[in-house]
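Enquirer: The listed protein sequences derive, respectively, from chains S and V.
Letter by letter, the first sequence follows residues 1 to 219 of the numbering used here.
Letter by letter, the second sequence follows residues 1001 to 1166 of the numbering used here.
Don't read these hints as lab results, they were simulated from the structure.
Be aware that one or more of the hints could be misleading.
Straight-line C-alpha distance at most 30 Å; calculated BS3-like pairs for lysine-lysine [what the hints assert, rightly or not]: (1) S/Lys-183 x S/Lys-108; (2) S/Lys-11 x V/Lys-1052; (3) S/Lys-183 x V/Lys-1053; (4) V/Lys-1070 x V/Lys-1052; (5) V/Lys-1018 x S/Lys-183; (6) S/Lys-108 x S/Lys-143; (7) V/Lys-1070 x S/Lys-183; (8) V/Lys-1095 x S/Lys-183; (9) S/Lys-211 x S/Lys-108; (10) V/Lys-1053 x S/Lys-143; (11) S/Lys-203 x V/Lys-1052; (12) V/Lys-1053 x S/Lys-11; (13) V/Lys-1052 x S/Lys-143; (14) V/Lys-1070 x V/Lys-1143; (15) V/Lys-1070 x V/Lys-1095; (16) S/Lys-11 x S/Lys-108; (17) V/Lys-1070 x S/Lys-11; (18) S/Lys-183 x V/Lys-1052; (19) V/Lys-1018 x V/Lys-1143.
Heads up, incomplete: computed chain S residues facing chain V, CB under 8 Å, no partners named [stated by the list, open to error]: (20) Thr-149; (21) Leu-150; (22) Thr-151; (23) Arg-171; (24) Tyr-174; (25) Glu-175; (26) Ser-178; (27) Lys-183; (28) Leu-189.
Using N, Cα and C, we set each Cβ at its ideal position, and we do this for glycine too.
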Amino acid sequence: MAIFSVYVVNKAGGLIYQLDHYAPRADTEKTFSYPLDLVLRPHDERVVVAFGQRDGIRVGHAVLAINGAEVNGRFTADGKDVLEFLGNPANYPVSIRFGRHRLSSNEKLMLASMFHSLFAIGSQLSPEVGSSGIEMLETDTFKLHCFQTLTGIKFVVLADPRQAGIDSLLRKIYEIYSDFALKNPFYSLEMPIRCELFDQNLKLALEVAEKAGPFGPGS
Amino acid sequence: SRELFVLTYGALVAQLCKDYEKDEDVNICLDRMGYGIGIRLIDDFLARSAVKKCRSYSETTDMIAQVAFKMYLGVTASVSCTSAAGNEFSLILDKNPLVDFVEELPAERASLCYCNVLCGVIRGALEMVRLAAEVTFLQDRLKGDAVTEIGITFLRKAEDRKHKRN
Chain S
1 MAIFSVYVVN
11 KAGGLIYQLD
21 HYAPRADTEK
31 TFSYPLDLVL
41 RPHDERVVVA
51 FGQRDGIRVG
61 HAVLAINGAE
71 VNGRFTADGK
81 DVLEFLGNPA
91 NYPVSIRFGR
101 HRLSSNEKLM
111 LASMFHSLFA
121 IGSQLSPEVG
131 SSGIEMLETD
141 TFKLHCFQTL
151 TGIKFVVLAD
161 PRQAGIDSLL
171 RKIYEIYSDF
181 ALKNPFYSLE
191 MPIRCELFDQ
201 NLKLALEVAE
211 KAGPFGPGS
Chain V
1001 SRELFVLTYG
1011 ALVAQLCKDY
1021 EKDEDVNICL
1031 DRMGYGIGIR
1041 LIDDFLARSA
1051 VKKCRSYSET
1061 TDMIAQVAFK
1071 MYLGVTASVS
1081 CTSAAGNEFS
1091 LILDKNPLVD
1101 FVEELPAERA
1111 SLCYCNVLCG
1121 VIRGALEMVR
1131 LAAEVTFLQD
1141 RLKGDAVTEI
1151 GITFLRKAED
1161 RKHKRN
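When you get a sec, could you build the whole thing from the sequences and use the hints?
Expert: Here is the structure:
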């Protein structure tokens, strides 16, 4: 039962707040000898496992560290290309850490703007006039819930598919936003939210919603 | 705490009167402050009252008069439509808590709109839900009229692009 993350998108589609609430991700570190039985390939800025899933190392996991030193994208900490390094039998045995790659803040900004556009398309595609736009996006591993206020701010929550009570959580987040972000005289509208009180109260609200579990918060 | 608010507001207006010579300047200042409050208050109002989207100007004005005024000032206003086109309304306030302690305006401040902040608040709030409006005082008890009347004139909708947010 978990709420994975919260995103707040302003009227223009820019991300103004983001919170990741996952349980700590499971990294796997293993020692390998040549030849490597996993198939690795470059993807965007990272090296990911393409095939050869085993022992907790899944397809899609990225190389996070080699011999304890964090990799920098496609290059090791000392600047060598990761794939070249791992192709050279002289470097073995080597200890590699794999795990799910966390999104960088730029990636989150881009995804938020894309969602904003999809939301707009969603409300236009509707056969009925005055449709609400995307309210929920469901996949097998998570559900994305979105609530757009009458003033154009969108609150997006990614949660476990079995988690209930997200609608009331979204309304609660709206209240917390109007209390701690808007009433803060030094917060400018539509700008990134950097208010401690907002963070704290949001985390509290998420914890309450999670504890309530699959039945939702008590009515 | 209602008293504290009313007293604070009174002190604010008094200070503005000392700072500015002309009544017009004070009125503009109050309106601007109200605008700043309105653009933030609207989200608080929508979050707490969970009202549905209003589909007409008269629904919107009713909402302001009955729900919003009640929530924030503790009084309700009555609404009347003053134009055939259906875009001009007036809110009539019998009781205005902001002027509880004010008897009358001093002689040299005859054209001061004491509660102009309310006009700014309404204007700011409406703008955030994409309704452009002009809000002014039509009658003011402090100036000797029978009631306090706030006039709202809805202008053409601010956004008329192809993409309409629903």
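Enquirer: Broken hints, numbered, in rising order?
Expert: As far as the earlier hints go, not one is violated by this structure.
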